[in-house]
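Using the sequences and the accompanying hints, generate a full structural model.
There are 2 protein chains.
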Amino acid sequence: MKIAIAGAGAMGSRFGLMLHQGGNEVLLIDGWADHVQQIKEHGLKADFNGEEVVEKLPVVLQSEVGEEDQVDLIILFTKAMQLEKMLTDIRPLIKEETEVLCLLNGIGHEDIIEKFVPMANIYIGNTMWTAGLEGPGKVKLFGSGSIELQNLGEGKEEQAKALAEKLSESGLHAKFSDNIHYSIYRKACVNGTMNGLCTILDVNMAGLGQTSTAHKMVETIVREFAAVAEAENIHLDIPEVIAHCESCFDPETIGLHYPSMYQDLIKNHRLTEIDYINGAVSRKGKKYGIATPYCDFLTELIHAKEDSLQVK
Amino acid sequence: MKIAIAGAGAMGSRFGLMLHQGGNEVLLIDGWADHVQQIKEHGLKADFNGEEVVEKLPVVLQSEVGEEDQVDLIILFTKAMQLEKMLTDIRPLIKEETEVLCLLNGIGHEDIIEKFVPMANIYIGNTMWTAGLEGPGKVKLFGSGSIELQNLGEGKEEQAKALAEKLSESGLHAKFSDNIHYSIYRKACVNGTMNGLCTILDVNMAGLGQTSTAHKMVETIVREFAAVAEAENIHLDIPEVIAHCESCFDPETIGLHYPSMYQDLIKNHRLTEIDYINGAVSRKGKKYGIATPYCDFLTELIHAKEDSLQVK
Numbered sequence: 001m002k003i004a005i006a007g008a009g010a011m012g013s014r015f016g017l018m019l020h021q022g023g024n025e026v027l028l029i030d031g032w033a034d035h036v037q038q039i040k041e042h043g044l045k046a047d048f049n050g051e052e053v054v055e056k057l058p059v060v061l062q063s064e065v066g067e068e069d070q071v072d073l074i075i076l077f078t079k080a081m082q083l084e085k086m087l088t089d090i091r092p093l094i095k096e097e098t099e100v101l102c103l104l105n106g107i108g109h110e111d112i113i114e115k116f117v118p119m120a121n122i123y124i125g126n127t128m129w130t131a132g133l134e135g136p137g138k139v140k141l142f143g144s145g146s147i148e149l150q151n152l153g154e155g156k157e158e159q160a161k162a163l164a165e166k167l168s169e170s171g172l173h174a175k176f177s178d179n180i181h182y183s184i185y186r187k188a189c190v191n192g193t194m195n196g197l198c199t200i201l202d203v204n205m206a207g208l209g210q211t212s213t214a215h216k217m218v219e220t221i222v223r224e225f226a227a228v229a230e231a232e233n234i235h236l237d238i239p240e241v242i243a244h245c246e247s248c249f250d251p252e253t254i255g256l257h258y259p260s261m262y263q264d265l266i267k268n269h270r271l272t273e274i275d276y277i278n279g280a281v282s283r284k285g286k287k288y289g290i291a292t293p294y295c296d297f298l299t300e301l302i303h304a305k306e307d308s309l310q311v312k
Numbered sequence: 001m002k003i004a005i006a007g008a009g010a011m012g013s014r015f016g017l018m019l020h021q022g023g024n025e026v027l028l029i030d031g032w033a034d035h036v037q038q039i040k041e042h043g044l045k046a047d048f049n050g051e052e053v054v055e056k057l058p059v060v061l062q063s064e065v066g067e068e069d070q071v072d073l074i075i076l077f078t079k080a081m082q083l084e085k086m087l088t089d090i091r092p093l094i095k096e097e098t099e100v101l102c103l104l105n106g107i108g109h110e111d112i113i114e115k116f117v118p119m120a121n122i123y124i125g126n127t128m129w130t131a132g133l134e135g136p137g138k139v140k141l142f143g144s145g146s147i148e149l150q151n152l153g154e155g156k157e158e159q160a161k162a163l164a165e166k167l168s169e170s171g172l173h174a175k176f177s178d179n180i181h182y183s184i185y186r187k188a189c190v191n192g193t194m195n196g197l198c199t200i201l202d203v204n205m206a207g208l209g210q211t212s213t214a215h216k217m218v219e220t221i222v223r224e225f226a227a228v229a230e231a232e233n234i235h236l237d238i239p240e241v242i243a244h245c246e247s248c249f250d251p252e253t254i255g256l257h258y259p260s261m262y263q264d265l266i267k268n269h270r271l272t273e274i275d276y277i278n279g280a281v282s283r284k285g286k287k288y289g290i291a292t293p294y295c296d297f298l299t300e301l302i303h304a305k306e307d308s309l310q311v312k
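So the protein lines, in turn, are chains A and B.
Each step along the first sequence adds one to the number in the UniProt record's numbering, with nothing skipped, and position 291 is 291.
Each step along the second sequence adds one to the number in the UniProt record's numbering, with nothing skipped, and position 272 is 272.
One should not assume that every hint holds.
Treat identical chains as interchangeable: a pair holds within one or across any two.
Unchecked claim - In the DSS-like style, the derived pairs of lysine-lysine whose C-alpha atoms are separated by at most 30 Å in a straight line are:
#, residue 1, residue 2
1, LYS312, LYS216
2, LYS156, LYS115
3, LYS138, LYS56
4, LYS56, LYS286
5, LYS286, LYS312
6, LYS216, LYS85
7, LYS267, LYS216
8, LYS40, LYS79
9, LYS187, LYS56
Simulated from the structure, these hints should not be mistaken for laboratory data.
Structure representation (structure tokens):
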């Protein structure tokens with residue numbers, strides 16, 4: 001299968017590497033010139049579960065994608081705020097039959113993808129794989145993971161199952177879900193609580209869990225996510241989702257980690273994905289006439305923090 | 001006049017000093033043993049508009065106030081969270097005729113004072129004076145200020161006016177207000193926006209003003225204050241109050257300062273007065289059935305920050 005990875009950062013590189021090793025013809029696409037140049041010259045380097053791996057993968061700058069490029073599947077793996085620019089740049093690659101799988105964090109990406117790809121060809125998913133970027137051309141890939149995915153196009157269940165099987169052949173543990181929106185909302189609740197709160201309070205997840213008000217804040221935010229999900233006929237099990245979010249507090253598992261938004265903003269002074277997590281719930285709330293004040297305020301606080309750190 | 005200053009920190013010391021210099025018999029009362037000891041041994045030292053001043057003022061630990069002590073007026077000047085403990089400790093000083101003037105920051109203190117003092121003897125006020133504590137027994141007093149005050153007891157307007165006049169004799173620029181709750185809410189809006197937001201974002205007021213979301217946050221918080229004030233028949237002029245709050249952003253005036261809550265929590269790792277500012281609006285909102293989510297969330301965030309800094 002010919003597969004393009006649109007957004008070949010840490011996670012995109014993992015998927016590209018594993019799909020390549022699984023026998024697919026992979027094309028990496030990214031917007032970071034240094035990263036693309038390093039991969040062109042020296043191949044993609046990975047610390048892959050402790051083993052040094054170098055793979056000579058085809059790679060192209062997203063601005064240089066042309067009509068002559070052709071793939072069966074595009075996997076979208078940009079940061080949320082880069083999605084629309086990526087789709088605009090790779091438009092020549094999106095033919096009538098090209099399937100597109102979106103694995104971005106956050107919610108509501110289909111609203112953007114629909115502008116570029118017919119609904120019948122869109123698949124969305126959710127992944128538990130992790131990856132870290134060590135520098136241009138170099139990633140660190142540890143542990144295991146899984147993918148859930150579903151078709152957005154009507155009557156495309158068989159194609160979705162076939163796609164999951166294809167990804168699983170490369171060890172990616174993908175499976176079809178008949179309720180992917182539930183999984184996406186459930187994961188977004190984790191991001192919508194841990195990311196923003198840890199970032200604004202300057203604590204790791206265990207530290208957040210030790211505060212007297214964490215539970216009240218997590219509960220209120222999850223209830224806002226659940227209210228907008230309900231308007232989309234997705235019924236979140238609120239106590240289960242709260243418990244799922246709060247399981248991150250455990251210092252024995254992942255509690256001592258700082259979530260990705262903290263690393264983006266506080267550590268690396270990069271813009272955050274808040275507009276696609278709490279900010280997306282705020283926008284949906286406005287659309288459905290549902291008040292989402294905690295998501296509104298948290299989004300405003302994170303943007304104020306971005307501004308005060310002069311992040312562009 | 002015999003006047004006790006209950007809470008002789010920076011502001012209480014300023015008032016004690018000025019009232020003493022104005023010919024009143026002043027008794028300082030405080031709970032900080034080192035501070036009381038220093039004043040006992042060496043007098044109250046002040047850098048008073050650039051001049052070094054030392055005044056031998058009577059001072060007593062609040063736990064040592066006895067029935068034999070007698071004053072005409074008690075001026076309450078504790079931190080908000082220390083008010084009830086102070087009133088409990090100085091109960092022997094509160095006789096049938098003792099007048100009590102509350103000049104604390106924040107709103108709703110009368111609910112506590114009423115438990116100790118008959119309404120007829122309570123006066124509340126609002127001051128624009130400032131003061132800084134340099135260390136035990138030493139304060140820094142610069143600039144000028146004013147006081148507005150009003151009687152809570154019915155038919156006590158004349159007494160309130162006389163009290164204002166008495167304070168003005170010592171240069172404190174006090175005047176009677178027939179709408180002190182308006183002034184208190186208006187000042188609380190400044191504290192309810194600048195204090196919490198600067199503290200949680202780790203910025204000074206000018207820095208807050210430079211963020212893209214400051215106006216939206218200030219406006220939403222002021223609207224919550226105005227809604228609970230309305231339930232108490234106090235009609236805030238919302239655009240005027242918002243403009244008043246946002247005048248703090250100006251780097252040419254006070255924008256480069258960090259508000260008192262920032263200094264308490266971030267600089268000195270002390271508990272904040274949030275429960276008596278945004279937290280008071282949250283409690284009043286619950287009582288009146290008015291949603292105050294920004295005040296709720298900001299109060300929770302500040303408490304989480306206190307917890308994460310292990311402030312006791």
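Could you check the structure against the hints above and give me the numbers of any it violates, in ascending order?
-> Hints 4 and 9 not satisfied by this model.
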